[in-house]
Structures are given as C-alpha cells and as structure tokens.
Amino acid sequence: MRIFYGWHLKKEAMFGILLVMPAFIILAIVYLFPLVYDIDLSLSRWNLAPPSPKEFIGLKNYVDQFSDETFQKVLYNSLFFTGVSVPCEFFLGLALALLLNKNIRGKSVIITILALPMMIAPVIAALTWRWIYDSNFGILDFFLNQFFGIRPLWLSDPNIAMYSVIIADVWITAPFMMLILYAGLQMIPTERYEAAKVDGASSWQMFRYVTLPSLKGVLIVALMVRTNDALTKLFDVVYVITEGGPAYATEVLPTYAYKVGLKFFRLGAGAAISIITLLIAAMMIVAILRASRGR
Amino acid sequence: MIRTKKFINETLLYLAVGVALFSVLFPLYWMFSTSIKPPLKIFSIPPRLLIEEFTLENYQRLFEVMPFLQNFLNSAIITSGALALGLSLGSMAAYGLSRYQFSGSRYFLSFIVISRMITYVAFVIPIFLLETNLNLIDTHLGVILAHSIFVLPFIIWLMKSFFDEIPKAYEEAALVDGCSRFRAMFVAMRLALPGLGTAAILTFLDSWNEFMFALVITRTSASQTVPYALVLQLTRPYQVPWGVITAGSFLFTLPIFALGYFIQKYVAKSFVLGR
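Chains as they are written, first to last, in my numbering: chain A, 524 to 818; chain B, 38 to 312.
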C-alpha cells in the first residue's frame, strides 16, 4: 500500500491543499499582502500630516534616505550595535556553554536561571534596566559614584546611551547563544575527544581542533539568527530605555522606520526604511554564509 | 600538587558560575525588591539594597493608577487567541505539507522558512493601514491577526519537522482500517502531541511578550496589553512610578517564572530540530 506516494492522483493533492488553505489565506491577508503593499508604499510619496495623496515616485524615497544625515546616523547606529552586541553575546554565550559542559552540580537549575533573561518580555527587561540606569535614584549610579567616584549619565549622555542599550540587550540575548551552543556541544560524540586525548592533544588543541569544527554548523546558524535579529528586530529595548534619544544617539533602523512612518506619518519614507533594513539584513546573511563556506 | 590544581580549577569554575548567576539574578532581584518597598524608600539615597520593610502598597496602587486587571485580561485573551488560531491552522497546514505534495507546496514551504528571517518592522505600516480599513484598530482580534505574522509561520515550520519524524505507517494502518484521511490525520496529531506542547509554550512566550504590534494597534484599555500599559507609565509627569512599574512587571512575569524550566528545555530542542 503506497497510499502516501500517489501524489499524482488529484484527490490526494486536493486533501493536502485543503489542509494548507486556511493557514495560507490568513498568511495571504496578514503577511503576503502587507509585505507587497510595503514595497509599493516605499515607492510612493504618501504623507498624512499634512495630508497628501499617495503618488508613485519610483526610488526617490530610497535616494532621499541615503542622502539624509539622520538616516545615515541611524544606519551607522544599527551597524555599530550589531558589530558590538553580537560578538559580545557570542563570546559570553560560548563561555557559558563551555562552562555548563563541565561537571557542575545543580546544572538543570543553573541553566533554568541563566535562561531567564531571554524568556521574560524584552519590555520588562528593558524597564528593569532603565530603572537600574536611573541617574537620580538608580542602583548603578549609586555604586559607581560610591566606589569609583564617577557618575556617567547612562541614558542622557549621547556617547554612553548606546552602550547602555547594548548592555541590556546582551543581558537579554546571551542566554539564547548559551542554550544553542550548549545543545551543540552535547551533540559532539565523546569518541572524538577520546581520540584527541590518545593523540596527546592539549585542552586548547582539543577546543581548537575538535570542539570548534564540530560546532561549526550550529555556530553559523546562531550567528545568522542573531545578526539578523540585531539589525532588524531591535525595537522594544531601544523604545523603552532611550526612545532613540538623546538626539538620535540610539535610534536604530527598526525604531526609526516606525517613527518616520507612524509618528511623523511619512508612510512612504517609513516603508522605504523598513525595506532597506530588510535588504541590509539579507546582505549580511549572505555574507556570513559565503564566509563560512570559504573556509 | 595535582590535587591543589584541581581544587583551584574547581573553585574558578564555581566562581564563574556564581558571577553568571549573579549577573542574571541581580536585575530580577532589583525589580522584585523595588516592588515590595514602601514608595518613599524606593527613592531614597543611598538606595536600600536589602529588603528591610515589606509592603504591598505598590501592588495596591498598580490596580488604582492603571486598569491593570483589564490589561492582564487583554494580554491573556490575545495570547490565547493567537495560540488557538496558530495551533489549529498551523498544525493542520504543517501536516498537509509533511504528508502531501502538490503544485506550490514547495514554494509555500520555502516561504515559511524565509518568512522567519524577515523583519516585522516591514509589516508595521501596512498592518496599521489594513486594520484601520477593516476597523480592527484597538481590538483583540486586530492584535491576534498581527501576531499571526510570526506565530503561524513558526508553528508550521516547527510542527512540520515534528510530523516528518513520525512514521507514516500509523496513518497507513488507520487508512487500511477504513478511517477517513481526516481521522488518519488525528492519529498523527496524537503522536505529535509533545511537538504541539513545544509549539504552544514557545508561541505563548512570543505572543505574551510582544510589544511592537500592540503599540501600533491598541489605543485604549479596551485592548492594551500589559507591556504597553507599563511602558505608558514612563510618560507620567514628575516622577516615574517605579514601584508601580516593577510591581506590574513582576505579576506579568510570574507565569514565565513558573514555566521557566520547560521553556528553557524546548527552546534548544526546537532550534536543533528545525535546523
């Protein structure tokens, strides 16, 4: 009985289509149509304040953005944030995963606790950090002042605010790296380590020539996911901690797209920024894939 | 000599674990301890590190200064709605994609995989316009549909990998016994129940914690979720009510603390499976 292989039979295919259809219809309405519409918007001028009718202007929104100083700053911020936070959480996550891979008592409790930051709402985590950073009554300000005599303005100094966002974001996302890399570490067969031991490898050599190559696949996927997230999904933390300020010092692509589109009501320009964000992330992912294949 | 070296190594190991645990727990402790301090003590210099006095005043004020109960209910309704919609339609579609091939099924599958990488910000403006036209702004359904943008593809993607692991023999046996194709599907669903549990927990997390679409679509306490309502407290004049915010944060996070152990296990599992 090869019931499931008779795809060419129309009846078989019909049942499959029937099952997929409801989900497809919903996705067509909330996903495909909005995405296509976003591209259409990005090629149009359509402002709501003051109101102007929607008109097709080709690539003008894109050209305008790249020559706009604020956008350049925002783009730089996003790249800077990604360039600093992703390596930080990557190395932290790797260190934690290697730590967990050792013989530790109470491991499952420790993992559960260490994974908490990525489970609680980013908004809640960001609110907590904003309270910690508070320049009048914050606990961080108090301690730094007490022990080092410094009082950095975590939220209102344009040179520092981005680091405040990065610290909070690394706190939220390092556990993700940790869990993924830990799962990857556990899948490495112990025979490989035993073989290396027989060959007289040092612990660094074992890490370099056994652990790292075995982790490669997991590493690349985790890096891709996090790079994409850092570029295109950083919204809640910035919105809550700094609202993009002071003076656009922490504004990033996702928050800026929202602000231009639905705060300044320049729908076309906002849509163009969101599409640029999407394209930059796609280029980064391709670059990571290329680099990983090259080696 | 070897013994001392081992001892030092062990000490360093546990020291590192201790530092990691402290970095994770301190902000959470600070949130909780702020929420149970008397309002005046919250804004004292130097800050009180230890809990000296215990009060529920902030929790009481939480329900007075904002419609917290309504917000919590909104969050619960939206998350349940997104879960119900996502799990029913998503697992059905995943089953269809796992067991049948038809023209376009491969495109749909690659769309599902790619869709998970596409930034949600690209949907903010069009969804806002769409829901304005459909009169869905400031409704639960409006937010539920917006959450479907990430819930549905995720469930389809995850459940398909679960169905792929289940041998077809069970359903073939059911079909031979004269079951309809529909009944045969439920045989597979029963077997994929652990997968459905994983999908449910991870979807719960995503929808419960979501902020951006809530910000765009909700307007009043008729549909505002807890994260958005708490963020709004930041805009109060004079002094940000940190006691109220931390109290709300703690209550909102309680279900996650309760589920923490299971969630942590499933995140890695789904990631490894879906790869």
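Among the hints, a few may not be true.
Under the rule of at most 30 Å between Cα atoms (straight-line distance), these lysine-lysine pairs were calculated in the DSS-like manner [as the list claims (entries may be wrong)]:
| hint | chain 1 | residue 1 | chain 2 | residue 2 |
| --- | --- | --- | --- | --- |
| 1 | A | 625 | B | 42 |
| 2 | A | 720 | A | 625 |
| 3 | A | 720 | B | 43 |
| 4 | A | 577 | A | 739 |
| 5 | A | 739 | A | 756 |
| 6 | A | 630 | B | 42 |
| 7 | A | 625 | B | 205 |
| 8 | A | 583 | A | 786 |
| 9 | A | 630 | B | 205 |
| 10 | A | 720 | B | 78 |
| 11 | A | 577 | A | 596 |
| 12 | A | 756 | A | 596 |
| 13 | A | 596 | A | 625 |
| 14 | A | 577 | A | 756 |
| 15 | A | 583 | A | 782 |
| 16 | A | 596 | A | 786 |
| 17 | A | 720 | A | 756 |
| 18 | A | 630 | A | 739 |
Note that these hints are calculated values from the structure, not bench results.
Hint consistency between residue 583 (chain A) and residue 786 (chain A) [alpha-carbon to alpha-carbon, up to 30 Å]: 21 Å, holds
Restraint check for residue 630 (chain A) with residue 205 (chain B), where alpha carbons must lie at most 30 Å apart: The hint is violated at about 37 Å.
Satisfaction of hint between residue 739 (chain A) and residue 630 (chain A), Cα-Cα up to 30 Å: Roughly 25 Å separates the two Cα atoms, so the pair holds.
Proposed proximity, residue 756 (chain A) with residue 739 (chain A) (alpha carbon, max 30 Å): Distance ~25 Å between residue 739 (chain A) and residue 756 (chain A) Cα, so the pair holds.
Distance restraint between residue 596 (chain A) and residue 786 (chain A), which requires alpha-carbon spacing of 30 Å or less: OK: residue 596 (chain A) and residue 786 (chain A) at ~19 Å, within 30 Å.
Restraint status (C-alpha distance of residue 720 (chain A) to residue 625 (chain A) at most 30 Å): 17 Å, holds
Proposed proximity, residue 596 (chain A) with residue 577 (chain A) (alpha carbon, max 30 Å): Distance ~28 Å between residue 577 (chain A) and residue 596 (chain A) Cα, so the pair holds.
Satisfaction of hint between residue 42 (chain B) and residue 625 (chain A), Cα-Cα up to 30 Å: 16 Å, holds
Pair hint residue 756 (chain A) and residue 596 (chain A), alpha-carbon separation not exceeding 30 Å: Cα-Cα ~18 Å, so holds.
Satisfaction of hint between residue 205 (chain B) and residue 625 (chain A), Cα-Cα up to 30 Å: Given pair residue 625 (chain A), residue 205 (chain B) is violated - Cα atoms ~40 Å apart, limit 30 Å.
Given pair status - residue 756 (chain A), residue 577 (chain A), alpha carbons within 30 Å: Holds, at roughly 28 Å.
Proposed proximity, residue 42 (chain B) with residue 630 (chain A) (alpha carbon, max 30 Å): 23 Å, holds
Checked against the numbered hints above, the structure breaks hints 4, 7, 9, 10, 13, 17 and satisfies the rest.
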